[in-house]
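Heads up, the sequence shown is in the working numbering, so the first residue is 18 and it goes up one at a time.
Possibly wrong hints are sitting among the right ones.
[As the list claims (entries may be wrong)] In silico lysine-lysine, PhoX-like type, Cα no more than 20 Å apart, as pairs: (1) Lys92 / Lys64; (2) Lys43 / Lys32; (3) Lys32 / Lys98; (4) Lys92 / Lys43; (5) Lys43 / Lys30.
[Unchecked claim] Computed Cβ-Cβ distance ranges for the label pairs, DEER-style: (6) Gln115 / Asp61: 20 to 26 Å; (7) Ala74 / Glu99: 33 to 39 Å; (8) Gly73 / Asp95: 14 to 20 Å; (9) Tyr103 / Glu58: 31 to 37 Å.
Hint data in this document are derived by calculation from the structure and do not stem from the laboratory.
By construction, the Cβ of each residue, glycine as well, lies at the ideal position given by its N, Cα and C atoms.
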Amino acid sequence: RLSASFDDPKTMKWKLVPKPGGQAIKTDDYYTLQACIKQVEEGDAPKEQPMWTDTGAVDYSGRALFQEWNKLKGKTKDQAKEAFVYAYGRALSEQRHQLNF
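The whole structure should be built from the sequences, with the hints applied where relevant.
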C-alpha cells in the first residue's frame with residue numbers, strides 16, 4: 018500500500034470533464050494516480066478494456082482508468098510507487114492545479 022502521507026485521490030475534489038451522453042469523468046491526472054495504486058495492489062491490468070457501464074452507457078471512466086493502468090504493464094510495485102509519487106506531484110503542481118481542482 019502507498020504511504021498514508023498522501024491524500025487519497027478518491028477523496029480529493031477533482032474537476033469533471035464532460036463527455037457525450039451527459040456523462041462526466043475526472044481529469045487524466047486522477048486516472049494516472051488510480052492506475053498507479055491498482056498496479057501496486059493488483060499488478061498488471063486485465064486483458065480486456067471495459068466498454069459499457071451497468072446501465073448500458075459507454076464506460077468512459079473505466080476506459081480512462083484501463084488505458085492509464087495498461088501503460089504501467091510490467092512495472093514492479095516499487096516502480097509503480099515511484100510513478101505515483103511523480104504523478105501526485107505533477108497533479109498538485111501550480112501549473113496543473115487549475116486543470117484538476
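How the hints compare with the structure:
1. Lys92 / Lys64: 16 Å, holds
2. Lys43 / Lys32: 6 Å, holds
3. Lys32 / Lys98: The hint is violated at about 24 Å.
4. Lys92 / Lys43: Violated. Lys92 to Lys43 sits at ~24 Å, over the 20 Å cutoff.
5. Lys43 / Lys30: 10 Å, holds
6. Gln115 / Asp61: 20 to 26 Å: 33 Å, violated
7. Ala74 / Glu99: 33 to 39 Å: Holds, since Ala74 and Glu99 (Cβ atoms, about 35 Å apart) stay within the stated range.
8. Gly73 / Asp95: 14 to 20 Å: 40 Å, violated
9. Tyr103 / Glu58: 31 to 37 Å: 18 Å, violated
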